[in-house]
Amino acid sequence: MTKILPPGTVAPDFTLNVTPDQKISLRELRGRPVILAFYPADWSPVCGDQMAVYNEILPEFEKHNAELMGISVDGPWCHAAFAKERHLHFPLLADFEPKGEVAKKYGAYREKDGFCERALFVIDQDGKISWSYVSPVAVNPGAEGILQALEDLQSTGARKSA
Amino acid sequence: MATLRVPVTSNDHIQGIEDAAVTLVEYGDYECPHCGVAYHVVKQLQKHFGSALRFVFRNFPLAEIHPHAESAAEASEFAAANEHFWEMHDGIFENQQRLSSKLLFELAAGIGLSAENLRESLASHEYAPKVRQGFLGGVRSGVNGTPAFFINGIRHDGAYDFESLAPSIARILQLKKSA
Numbered sequence: 002m003t004k005i006l007p008p009g010t011v012a013p014d015f016t017l018n019v020t021p022d023q024k025i026s027l028r029e030l031r032g033r034p035v036i037l038a039f040y041p042a043d044w045s046p047v048c049g050d051q052m053a054v055y056n057e058i059l060p061e062f063e064k065h066n067a068e069l070m071g072i073s074v075d076g077p078w079c080h081a082a083f084a085k086e087r088h089l090h091f092p093l094l095a096d097f098e099p100k101g102e103v104a105k106k107y108g109a110y111r112e113k114d115g116f117c118e119r120a121l122f123v124i125d126q127d128g129k130i131s132w133s134y135v136s137p138v139a140v141n142p143g144a145e146g147i148l149q150a151l152e153d154l155q156s157t158g159a160r161k162s163a
Numbered sequence: 271m272a273t274l275r276v277p278v279t280s281n282d283h284i285q286g287i288e289d290a291a292v293t294l295v296e297y298g299d300y301e302c303p304h305c306g307v308a309y310h311v312v313k314q315l316q317k318h319f320g321s322a323l324r325f326v327f328r329n330f331p332l333a334e335i336h337p338h339a340e341s342a343a344e345a346s347e348f349a350a351a352n353e354h355f356w357e358m359h360d361g362i363f364e365n366q367q368r369l370s371s372k373l374l375f376e377l378a379a380g381i382g383l384s385a386e387n388l389r390e391s392l393a394s395h396e397y398a399p400k401v402r403q404g405f406l407g408g409v410r411s412g413v414n415g416t417p418a419f420f421i422n423g424i425r426h427d428g429a430y431d432f433e434s435l436a437p438s439i440a441r442i443l444q445l446k447k448s449a
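Heads up: the protein sequence lines correspond to chains A and B, in order. Using the working numbering, read the first sequence as starting at 2 and increasing by one per residue. Using the working numbering, read the second sequence as starting at 271 and increasing by one per residue.
Worth flagging that the hints you see were computed from the coordinates, not collected in a lab. Watch out, some of these pointers could steer you wrong.
Stated by the list, open to error - Here are the computed lysine to aspartate or glutamate pairs in the EDC-like style, where the Cα-Cα straight-line distance is at most 20 angstroms:
id	chain 1	residue 1	chain 2	residue 2
1	A	85	B	334
2	B	317	B	433
3	B	400	B	282
4	B	400	A	61
Said to hold, decoys possible - With beta-carbon atoms standing in for the labels, derived distance ranges:
id	chain 1	residue 1	chain 2	residue 2	range
5	B	289	A	63	41 to 51 angstroms
6	B	398	A	153	35 to 45 angstroms
7	B	395	A	113	47 to 57 angstroms
8	A	76	B	449	48 to 58 angstroms
9	A	16	B	376	30 to 40 angstroms
Heads up, the beta-carbon is just placed ideally off N, CA and C, and yes, glycines get one too.
Model the full assembly from the supplied sequences, consistent with the hints where possible.
Now the structure itself:
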């Protein structure tokens, strides 16, 4: 298994297509927590489950003012069709050209397979990774780890400002 | 390893006796076709293990992909408040292909509940907070899709067919016997 970037690392910046004609950069989201969910592919049944569950939990992520973004090597048109079919209300980023470049920076790319690991990162307000986790490709990691990481982030934030 | 964070209590929908050796908890969605299949698997497991197995069903509706899942979950809670949870539960899964508001009213009437009261309950989302609370409890326990099974509190990561669930349950029974 690839070694993913550990907590404490500055999250590498990137600019990726979020729709066929729109791009987003990680640095634009500075000031609020960001959840990056790398996943192998649109349409495969397990991924569908994972994204479907996240979709239902969005209000919980929003309570932490956190932005969720899914990332795979699928192209923006594919993402658009997938998001439309599954009613996804969060952005899917296309790590499409050069393929897997962002996933590689995060240690979340499977060279042998040519797609992303099922890897999760929670990035704090200052752009530093506060939690990361990689799940076996066949196992949907759910959302419990993300919620715990966001809560931990909030309590450290509260301590800092106290 | 994902474990059940919300313990089984008398607020749960339970089939079987409290001191059963094994408790199987399912988080399910009434419109999910896989849960429709799992419904029959659970029946088979209950028949096979008898009183050694206690079964608990918790709602986990994925409403964005299943337009009727939320109202079906709320209808099951409505039936539960009137002590007819399992009739509603079975009725929905056995008629899953035609799941609609109409079916829910029909099932309510069939088990002696007021379809009119159910209509009002669904319109005001009377049981939505309860369903949401259950959903979030599932998320915290590591529910990652439906159906999700927990055997004595540990998430079952294998397939959800009889051939996969039964040996996992049997193994625990065996351990309990030799303990």
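Going down the list of hints, with the structure as the test:
{"no.": "1", "hint": "A:85 - B:334", "in the structure": "holds, 11 angstroms"}
{"no.": "2", "hint": "B:317 - B:433", "in the structure": "holds, 14 angstroms"}
{"no.": "3", "hint": "B:400 - B:282", "in the structure": "holds, 11 angstroms"}
{"no.": "4", "hint": "B:400 - A:61", "in the structure": "holds, 16 angstroms"}
{"no.": "5", "hint": "B:289 - A:63: 41 to 51 angstroms", "in the structure": "holds, 42 angstroms"}
{"no.": "6", "hint": "B:398 - A:153: 35 to 45 angstroms", "in the structure": "violated, 29 angstroms"}
{"no.": "7", "hint": "B:395 - A:113: 47 to 57 angstroms", "in the structure": "holds, 48 angstroms"}
{"no.": "8", "hint": "A:76 - B:449: 48 to 58 angstroms", "in the structure": "holds, 55 angstroms"}
{"no.": "9", "hint": "A:16 - B:376: 30 to 40 angstroms", "in the structure": "violated, 54 angstroms"}
The structure is inconsistent with the numbered hints 6, 9, although it conforms to all the rest.
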